[in-house]
Structures are given as C-alpha cells and as structure tokens.
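Undergrad: One letter stands for each residue in the lines below.
2 protein chains.
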Amino acid sequence: MAVQTSFDPQAFRAALGTFTTGVTIITTQAEDGSPVGITANSFNSVSLNPPMVLWSLAKNARSLPVFSNGRHWNVHVLSTEQETLSGRFAKQGEDKFAEVELDTGISEAPLLQDCTARFQCRTAFQYEGGDHVIFVGEVLAFDHSDRAPLAFQSGQYALATRKPRSELRLATTPPPPECSYTEDLLGYLLGRGHYQMLHALRRLLKNQQLDEHAFFILSVLCIRDNLTIEELNTFVEYTGHVVSLASMRFLERQKLVAREVNGEQVRYVLTADGREASLQELALAKAVEEDISAKLGAGDAQALKVLLKRLIAASDPGLPDLWAAR
Amino acid sequence: MAVQTSFDPQAFRAALGTFTTGVTIITTQAEDGSPVGITANSFNSVSLNPPMVLWSLAKNARSLPVFSNGRHWNVHVLSTEQETLSGRFAKQGEDKFAEVELDTGISEAPLLQDCTARFQCRTAFQYEGGDHVIFVGEVLAFDHSDRAPLAFQSGQYALATRKPRSELRLATTPPPPECSYTEDLLGYLLGRGHYQMLHALRRLLKNQQLDEHAFFILSVLCIRDNLTIEELNTFVEYTGHVVSLASMRFLERQKLVAREVNGEQVRYVLTADGREASLQELALAKAVEEDISAKLGAGDAQALKVLLKRLIAASDPGLPDLWAAR
Chain A
1 MAVQTSFDPQ AFRAALGTFT TGVTIITTQA EDGSPVGITA NSFNSVSLNP
51 PMVLWSLAKN ARSLPVFSNG RHWNVHVLST EQETLSGRFA KQGEDKFAEV
101 ELDTGISEAP LLQDCTARFQ CRTAFQYEGG DHVIFVGEVL AFDHSDRAPL
151 AFQSGQYALA TRKPRSELRL ATTPPPPECS YTEDLLGYLL GRGHYQMLHA
201 LRRLLKNQQL DEHAFFILSV LCIRDNLTIE ELNTFVEYTG HVVSLASMRF
251 LERQKLVARE VNGEQVRYVL TADGREASLQ ELALAKAVEE DISAKLGAGD
301 AQALKVLLKR LIAASDPGLP DLWAAR
Chain B
1 MAVQTSFDPQ AFRAALGTFT TGVTIITTQA EDGSPVGITA NSFNSVSLNP
51 PMVLWSLAKN ARSLPVFSNG RHWNVHVLST EQETLSGRFA KQGEDKFAEV
101 ELDTGISEAP LLQDCTARFQ CRTAFQYEGG DHVIFVGEVL AFDHSDRAPL
151 AFQSGQYALA TRKPRSELRL ATTPPPPECS YTEDLLGYLL GRGHYQMLHA
201 LRRLLKNQQL DEHAFFILSV LCIRDNLTIE ELNTFVEYTG HVVSLASMRF
251 LERQKLVARE VNGEQVRYVL TADGREASLQ ELALAKAVEE DISAKLGAGD
301 AQALKVLLKR LIAASDPGLP DLWAAR
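Protein chains in written order, with the numbering used here: chain A, 1 to 326; chain B, 1 to 326.
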C-alpha cells in the first residue's frame, strides 16, 4: 500500500470506488413542470431525529440549477431489477421518464415505482463541497419494500450477499479442529448442493424408471437433438457418466429415444415421450429452484447464479457450447 | 409500498438500511495524544478536485469533541477480513487500539493496516446535520489495495458480488429463445460446477483406481470412521450412489478399508493406505479450490460459499451432521 500524495484523478476515483454503495435515482420537478432525475450513489443517511439524508451533485451538472432552486426531491433506492433504469438516468439526453409510471407523492417531484426504498425530502441545507454541492434533505415521508437492493462497487453493479451474524454452519456442532476435512470445502458444498437438487428430482426420475445418467442424456438431447454417441459424450463425459451403446439401448427400450441411421452413422433423437419426460424433469427442477430462490431471496439467488457461472468459467475443462447454433 | 409519514424510528432505520454501504473506521488523535477511532458507514465521496470526502457523526457521540477539535482524521475502507476490527471499533469502552499495528501517516491520526483503501484527511468543513455533524475532509493522501471490501446492508455485514457489464454467459452464443432449458437453470449450474470440480480430481482418482462412489465413501470414513454400511448410507445415499456390500468389498480388496466384526455387526474403518488416499484427494480438492478462489477473488469465493451453505440449508432433505460429536 504505497501512499499516494499526488492526485492522479483515476487512482483517486479507483480508491473511492472500493467503498461499496447502493444506487439511487434522485428526482425533482423543474420550474417549467418537467421531471428531472439523475442516478447517484453519493447518498447517505445523516440524522434520525429530525430525519435527514444527504447526497451530492457536481457543480457542472446540467440539473444543478433545478435542484438548487427546487425545494423538494425524492430519493429512490433501486432494486436489483432496476439496473436498466439506473443506466438510463445516468445518461444525458434521452427522455428519461418516457413510459416510466409514477406514483403520487407529497410534492410535485416524480415518485418512481418498484424501488427498494423511497425518501421524499425537502431541502434543509445546501453545502459547499469542492466541485460538488452537498444537498441535505429533511425526510417528509418514506417507504420501503422487500425488493433486494442493487449495489455498486468499483465501477460495476453488484449484488450484496448478507452474512449471517454467526458463522453459518450447516449442522449444530463445530467440526473437530484436527479434522482437515471441513464442511467449508468448496467441493463438498458444490457436491452437496448438486446432489440435494438431484435428490428433489429423484421421485420423479424413479417414476420415469430413469437414473441420473439417463436424465443427463435426455437433458442434452432436449437442448440439442440428433446427436451421435460420440457427440453426446462431448457434453456428458466430464460428469464421469460415459454414454455407451448400452445407455442408449436402455433409453430406446423405454421408447424415449429413437435412432436415425444414415449410412454408418447412428444419431439419436428424442421421441415425443422422451421430450415429454425431459420437460417434466425440467419443470420440476424449475419448481425446486423457485422454492430455493424464495428461501434465499431474489438478490441472493441471483448472486449465487452469477458466482456459479464465474466458478464454471474458472474451472472449465474446455466443454463445447451446448447451446451453440448449428 | 405504503407511504409512511409518521416517523417510527425503527421503520426509518430499516428503510435507510436498505442502502448498501461499505464499512469504514475513522481515526484521529485526541489532544492528550491518545488514539480515537469509530466504525462508520456514513462515508461517501464528495469532490474530485479538490479531493474531498464526507462522513457524519452523532452529536451525542463521545468522540465528537475530539473530531471537532482535531484537524486531521483518517478514513479506512475495511476489507472482508476486518469484520472483527469493525466490531471492535463499533463498541465503546475497551482499548480499541490494543495490539493493532499502525503505519506512519502524514498526520498524528492513527493509520490502520491491511485495509482496502485509506484516505488521510484534514477537516475542510463541519456542517450541521440534525442530530449529526457532517465532516467534510480534504484528502491529503490515499492508497488502496486489492483486498476485497466489506459491505453492509440492512444491519448485517455483506459481501458484494460485482456483476459483469454484459450478462455473463458461459458460451459465446445466446441460447435459442424457444428452448426452455437454459444454462441459467440453477440445477444445471450446480451440476456443472460440481462435475467440473470432480473432473479436476479424476486423474488422481484414476491413479488410485477409484471412482466417484469410492471417493465419497472414503471421504465419509476420513471424517467419521468406524461406520456400518447402514450408517454410511445415511451420509451417502442422497447422492444416488447407494453403498452396498459390493462397494465395501471392492475397497477391502484395494486394502483401503478394513472390517471390524463385533458379534453380528460389521463396521468399516480406514486403513493407513485408505486414509492416505483420502488425504491426497482432499489436498487436491483444496488446491483446485485455491486456484478457483484466486480467479474469483477472495470476496467472491467467500460469498459463493456463504450462498451455497444457504442453498444447502434451504434444500436439506434432513441429512445427519457428518461432523457431529459422538
């Protein structure tokens, strides 16, 4: 950590950016009645009694005169689903409020919908802050919803995963310290998560007289039909379940796949029954996912997927794209 | 979203808390030379030129006179590894600086080590802010490291997962829209992540002449030795790999497990070779995890584990605690 005393603006910005923030849109009404809004992450709470919040605005911002002259403005803490709105209000030029539905607030300042929290404010103070003006507002009204809040860190949108107050343990007793195999092992957590998901499908698979291996083959064919055994294996073999002639014969006997022979090449396609079986599995997998997402909350469920995708990219042994155009 | 105009302080606090922040410790030196420090999340950037930051402090805080009279203070943006330090500086009473190593800064204000970013400031303004005082500081020096920053949301510490600018896709082509099986399916992501981890162990397992099923059995015995087949299955069966007499006979022939007969009950224990094989697998799993963690970054790797544990708890079919005391 070399201390920098010369002010490279980019380095300063990068250092400031490490402080995580939420994302807000702050709105007001211009004197001509037109709505004005900007994206800001310089928001913060100030006072509980009287209730006050603050944010700051660049002195060269086009909207500065409007906010300086206006008495009322609204702060909207954005949810993870409002990233597009955030992007729109961060830019200049276009009609930011086009097709944006508004609620009626206590002032004329536009009040956006579907936010995580909203604060309707009246300017209490405007303070000098270098190249910015600091607006301190008295909060006249507020509300908040259960929507997961959007975060921002080092120039990118982010999803914040709250940590439980005590170390999250799956079970009730701490593992013996001398045991180097702990449940904090990433491989264990991935395996347990995966098999618990599969476990939830097990009853359906049993009714379909299928095992995990058959389920994988049907899934691949459901996404990408008409494959040779060799091609199937490029998608399945890394799981350790190698697709063999016997695997396919079993599925043929079950009337879930059919073979198409072209000269010496044998390709497999799903039958109508096979597609139906696979879509039933998919529907159940989605239902299980919805149940888990509800328990985790939308923000955490989304964060988990982002992280799993990053893990998959980081450990990819070079698998072909199952969804690639052909 | 019912608008609240009456100010229930708890509801107001809850609404404010939805705005995600980083966590800072702000330090100064009292007139008697003693170090002073508090945890604050009311920090924010204000101005780039001149470089300025702000934070606010309750008027009834014991440290207010010191900060009001002092000219210099340092802001430390905390890393995910400084949660304990954050907790210590959030409380009153104890000697917060005991055994805390300090760097030499440009003022007498204490400069903490191992932070994500640090800003050494001189008070530029002190502003009225209801029950708080707003401190605006000119930044005289700053630095930042690669340490993942700690976040705070709704009263809990949090880990922020940055989202890639474009939707993160594993492969290069978007899936056909009519295909309902997408790679955004949680079950797919978990399975692919799990099997890619296993794939990285495959060469070792092959050298050991073991398959995934044998690997699971050895892992369980490494954590919890001396089990009957029935007991082994309480930990393994949910994976779909049922432990049978044949599974155990295979491991006996490989001289990795031994049986201990007590009347009619047969229990299995690892041999020295079995323990050695299992610990080799564990070492490789940890090496793979380290490689992935380095690619993901420490903060994201930690967030992934927190989320996987939450997923496991949310989808637990009631597995016994593998690490429970006996």
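Simulated from the structure, these hints should not be mistaken for lab results. Each residue gets a CB set at the ideal place from its N, CA and C atoms; glycine is no exception. Hints may be right or wrong, so weigh each one.
Claimed, not checked - Straight line, CA to CA, 30 Å or less: simulated DSS-like cross-link-like pairs of lysine-lysine:
#1 B/Lys255 x B/Lys206
#2 A/Lys309 x A/Lys286
#3 B/Lys96 x B/Lys59
#4 A/Lys255 x A/Lys206
#5 A/Lys255 x A/Lys286
#6 A/Lys286 x A/Lys206
#7 B/Lys286 x B/Lys309
#8 B/Lys309 x A/Lys206
#9 A/Lys295 x A/Lys309
#10 B/Lys96 x A/Lys309
#11 B/Lys286 x B/Lys206
#12 B/Lys286 x A/Lys309
#13 B/Lys91 x A/Lys309
#14 B/Lys206 x B/Lys295
#15 B/Lys286 x B/Lys255
#16 B/Lys295 x B/Lys309
#17 A/Lys295 x A/Lys206
#18 A/Lys91 x A/Lys59
#19 B/Lys59 x A/Lys59
#20 B/Lys295 x A/Lys295
#21 A/Lys59 x A/Lys96
#22 B/Lys91 x B/Lys59
#23 A/Lys295 x B/Lys309
#24 A/Lys309 x B/Lys295
#25 B/Lys309 x A/Lys286
Said to hold, decoys possible - Far from chain A, some chain B residues (derived; all Cβ distances over 10 Å):
#26 Pro35
#27 Arg62
#28 Gln196
#29 Glu230
#30 Ala246
#31 Glu260
As the list claims (entries may be wrong) - In silico contact screen, one side only, chain B against chain A (beta carbon under 7 Å); selected entries:
#32 Ala15
#33 Phe19
#34 Leu48
#35 Ser56
#36 Leu102
#37 Ser107
#38 Val133
#39 Tyr181
#40 Gly191
Undergrad: Against which earlier hints does the structure fall short, listed by number upward?
TA: Numbers 10, 13, 28, 36, 37 and 38 - these are the hints that the structure violates, sorted from lowest upward.
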